[in-house]
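Q: Throw the hints in and build the complete structure from the sequences for me.
Listed in order, the protein sequences are those of chains A and B.
Just so you know, the first sequence maps onto residues 32 to 510 in the numbering used here.
Just so you know, the second sequence maps onto residues 48 to 529 in the numbering used here.
Please note: incorrect hints may appear among the correct ones.
Said to hold, decoys possible - Derived DSS-like pairs (lysine-lysine); straight-line CA-CA distance at most 30 Å: (1) A:Lys400 with B:Lys116; (2) B:Lys228 with A:Lys256; (3) A:Lys285 with A:Lys400; (4) A:Lys256 with B:Lys162; (5) B:Lys177 with A:Lys368; (6) A:Lys256 with B:Lys177.
By construction, these hints were calculated from the structure, which means they are not laboratory data.
Here is what each chain is made of, one letter per residue.
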Amino acid sequence: MKRHTVKEIQSMIKSKSASAEEIYELYNKRIRQMNDSINAFISIEGDEFDLDTKQADSEVRGVPYALKDIFCSEGDQTTCGSKMLSSFVSPYDATVVKNLREKGSIILGKTNMDEFAMGSSNETSFYGDVSNPWDLERTPGGSSGGSAAAVAAGMAPIALGTDTGGSIRQPAALTGITGLKPTYGRCSRFGMIAFASSLDQAGILSISAEDAAIFLEHMAGFDQKDSTSSMETVPKYTDFLSNDLSGKVVGLPKEFFDGSLDTRFQELVTDSIHEYEKLGLKFKDISLPNIKYSVPTYYVVAPAECSSNLARYDGVRFGHRSTEGNDLDAFYKQTRKEGFGQEVKRRIITGTYVLSAGYYDAYYLKAQKVRQLINQDFLNAFEEVDVIMGPTTQQSAFKLGEKVDDPVSMYMNDIYTISSNLSGVPAISHPIGFVDELPFGLQIIAPHFKEHDLLNITHRYQMATDWHLRTPEICRGID
Amino acid sequence: MSWETVIGLEIHVQLDTNSKIFSGASTAYGSDQNTNTSLIDLGYPGVLPVLNKEAVMMAIKFGLAVDAKISQRSIFARKNYFYPDLPKGYQISQYELPIVESGSLEIELSDGKRKDIGITRAHLEEDAGKSIHDKFIDQTAIDLNRAGTPLLEIVSEPDIRSAEEASSYMQKIHQLVRYLKISDGNMQEGSFRCDANVSVRPVGQIEFGTRAEVKNINSFRFVENAINYEVERQIDRLENGDEIIQETRLYDPDRDETRPMRSKEEANDYRYFPDPDLLPLEIDQETIDKIRESLPELFDAKVTRYVEDLKIKQSDAEELSRNMQIAEYFEETLEGFGKDAQLVSNWILSEVMAVLNRENIEISAFQIEPMRLASLISRIEDNTISSKIAKDLFNQMLTNDETVDEIIKKQGLEQITDEDSINQYVTDVLIEFSEQKDQYLAGKEQVLGFLVGQVMKRSKGKANPKLVNELIVRKINADTEK
Chain A
32 MKRHTVKEIQ
42 SMIKSKSASA
52 EEIYELYNKR
62 IRQMNDSINA
72 FISIEGDEFD
82 LDTKQADSEV
92 RGVPYALKDI
102 FCSEGDQTTC
112 GSKMLSSFVS
122 PYDATVVKNL
132 REKGSIILGK
142 TNMDEFAMGS
152 SNETSFYGDV
162 SNPWDLERTP
172 GGSSGGSAAA
182 VAAGMAPIAL
192 GTDTGGSIRQ
202 PAALTGITGL
212 KPTYGRCSRF
222 GMIAFASSLD
232 QAGILSISAE
242 DAAIFLEHMA
252 GFDQKDSTSS
262 METVPKYTDF
272 LSNDLSGKVV
282 GLPKEFFDGS
292 LDTRFQELVT
302 DSIHEYEKLG
312 LKFKDISLPN
322 IKYSVPTYYV
332 VAPAECSSNL
342 ARYDGVRFGH
352 RSTEGNDLDA
362 FYKQTRKEGF
372 GQEVKRRIIT
382 GTYVLSAGYY
392 DAYYLKAQKV
402 RQLINQDFLN
412 AFEEVDVIMG
422 PTTQQSAFKL
432 GEKVDDPVSM
442 YMNDIYTISS
452 NLSGVPAISH
462 PIGFVDELPF
472 GLQIIAPHFK
482 EHDLLNITHR
492 YQMATDWHLR
502 TPEICRGID
Chain B
48 MSWETVIGLE
58 IHVQLDTNSK
68 IFSGASTAYG
78 SDQNTNTSLI
88 DLGYPGVLPV
98 LNKEAVMMAI
108 KFGLAVDAKI
118 SQRSIFARKN
128 YFYPDLPKGY
138 QISQYELPIV
148 ESGSLEIELS
158 DGKRKDIGIT
168 RAHLEEDAGK
178 SIHDKFIDQT
188 AIDLNRAGTP
198 LLEIVSEPDI
208 RSAEEASSYM
218 QKIHQLVRYL
228 KISDGNMQEG
238 SFRCDANVSV
248 RPVGQIEFGT
258 RAEVKNINSF
268 RFVENAINYE
278 VERQIDRLEN
288 GDEIIQETRL
298 YDPDRDETRP
308 MRSKEEANDY
318 RYFPDPDLLP
328 LEIDQETIDK
338 IRESLPELFD
348 AKVTRYVEDL
358 KIKQSDAEEL
368 SRNMQIAEYF
378 EETLEGFGKD
388 AQLVSNWILS
398 EVMAVLNREN
408 IEISAFQIEP
418 MRLASLISRI
428 EDNTISSKIA
438 KDLFNQMLTN
448 DETVDEIIKK
458 QGLEQITDED
468 SINQYVTDVL
478 IEFSEQKDQY
488 LAGKEQVLGF
498 LVGQVMKRSK
508 GKANPKLVNE
518 LIVRKINADT
528 EK
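A: See below:
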């Protein structure tokens, strides 16, 4: 098969070499052929092809995309990977979905994910594990595992995901694609089922940075329905893609290069830095002294917010409702016991604990203070450098089942990615090579609202290399 | 031992906004169950709250009216607990940084003494829905129309020392929120309700006693009754050597007693934390100044102005100002009439109030608009009609939409001021009642009233009584001289 980029689909539609309907059918067919082995989709959109005609000239008109099942889409089952919402049909569109719908982009289906986005391997989903298209016995990462696998396997040209602690970048790295987490507030969170409200952000999983630029432009922007969305103007990201990189300074935090990375991954990172030097970037060692507290800080803040955000799943108005329980408390307990999986319960309990009287100051308040210090580290660093680079993950895709019983080791998956959520800065991951035929990614972090720099830098790299175009074996023999 | 009562009130005022505090759904009272509910009020997955600016403005108005500090930065927090009428599993409320802090309000007691009651804080929050337990057997119904209605919770200092003071404070707050037009103050509909924290301590003791919180009191009378009951109960216990348990109690007006609520609800740890869906609420000085300028004249200032500028009796000025709608009615009528505020006040406090009381209606439902009342009073003042006719006319106007002048004309109610016409009646009366005329001449002056009455009767009340009086005297004197 050919994994078409959004850019290619655009020109196919423009030159009339394929109609939007034919393209949609091509992907729909691929999904039906491949989903049994990859399990990237929880639901596949029906057979009727529904192209909104409102925006005839949009760049994404007729471009189909896969939607993480955390986004509400009107009339569609929206499960968030949970039994709790297995029967939930959303009566409305999330703002980002509405934005894309109005521009004529079409949903292919809703992708698998860790339950309520809590996980780094897609193994906490009520709908089963997702397989990494590069090795079906391995994880695609999480929580946007379905979206990543779908793009990597050519089941969708592009997908939306959400990133609370690395949920776009880590699976992008593990499946050899490009993953962009925009600045907190860049895309509306309205209609995106909340995990940790102060950290969640919608983003894009795509083959190329160019595709991400095209989509972000159409998704992003201020939304009256989300008080935390930003009024900052949305630039035309594609205009920045080809800018010359010379003179830009990259910070390499010593905390990301502390020798803990396996040498084979370290070599890939070093190679990519050499490539970037050829493109004119200058490198500088920097320090982010408080970054070492990122994981514990995150695992206080995120569970605290989730314990409150998930209180609404009580079986009273929608979603799973237990038939057992003789009084109100028993009904609540039974509904939530049946509806939530183990990892979600673990985080609700952790979050409830850290917010409890007597513990609030020691945990939640302290975590918020550390969070400010981490943010300050970034602000200080960006006084000296334009962007920060490092590995996206500590290793490539691990085996399904390998870490599922060891939550702390699972949490360490996000050691490099979590800090940008705590600070709100945008970050991107793009593929830089393979170790044992498994892809590996480089992360680039920019100051708030400098997505255009991330896309520009990544695009120039992708013009000079072809790691992002490598296609897994499983795509062979599929149209 | 003698005891001192210590009371603090938490008053919940439903703000009279068009839409809810965090959604666009209507706040109208009395709609069908669960119809005034958006996905936000229902706590659907993915939805987010957006703060209603109108509610914020109203809170600031209140704060300024009680000389409080308006926080330029306040925070919305989540109060977490599970209950079926709380859709999100948390209530959005202000906890650590409320919008209004440290104000005070002066109350007046029945003995005329005045006292300042401190207001610790007032904060914005959303109301919960309603659980209806008596509609279905073995089932509870949930109505979420009220969920998300904006509330201003006004917390007093423990400055209140008696049930009377509590009631007076509650009434003063009630009057204030209606003056400010931030709440309809309707207690039957639950728009204005309070919780009372009550404790007692031996006179002279500085530390507070253990308090009980009496919840959901929705009338001035109940607040007095509930506190009196609670004080007596607490003193009884203490004098019998029992302790006071810190608990939440409910007042039952039917039995006139307070009872403990289920203790389970006490065990809640609400796990407050700042709501990450809402940014801190920032208010600039300019906005505060603008609102300050737009504040209406409040009760005390109004009374003073009525007495000093309009020369109305103190007691009448207070009576008129007690309810701002009445005061507005008064002012509009006065504007239409243009002079003699006391005369306008008399008409409103006697005739108008009598109708309101008799028909048990608010001034807003009163049939005669201020301008019509003004023209009625004008016609008395310019001698077109007599005050006696005016009272009949007033009663007719309750059901007759025609203008005052039209009714006067149609029914020929104009006062007779033409001396010739009146003299005819006078002549007739003096002939018919010559005996009384002689009595008057003999010095029995009170007979004059009888003679005036007779003339008035013949003129069907239309003759100008003053003129009648004058003409009778003149005629008798003239007759005698002959």
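Q: Determine for every hint whether it applies to the structure shown.
A: Evaluated hints:
Only pairs whose Cα atoms come within 30 Å are accepted, and Lys400 of chain A paired with Lys116 of chain B is accepted, the gap being roughly 28 Å. At most 30 Å may separate the alpha-carbon atoms for a hinted pair to count; Lys228 of chain B and Lys256 of chain A meet this at roughly 28 Å. Proximity of Lys285 of chain A to Lys400 of chain A is assessed by CA-CA distance (about 23 Å); at most 30 Å being required, the pair is judged to hold. Restraint check for Lys256 of chain A and Lys162 of chain B: not satisfied, since their Cα atoms lie roughly 46 Å apart, outside the 30 Å limit.
A threshold of 30 Å between alpha carbons decides the hint, and for Lys177 of chain B with Lys368 of chain A the separation of about 26 Å falls inside it, so the pair holds. For the hint pairing Lys256 of chain A with Lys177 of chain B, the CA-to-CA distance comes to about 26 Å; that is within 30 Å, so the pair holds.
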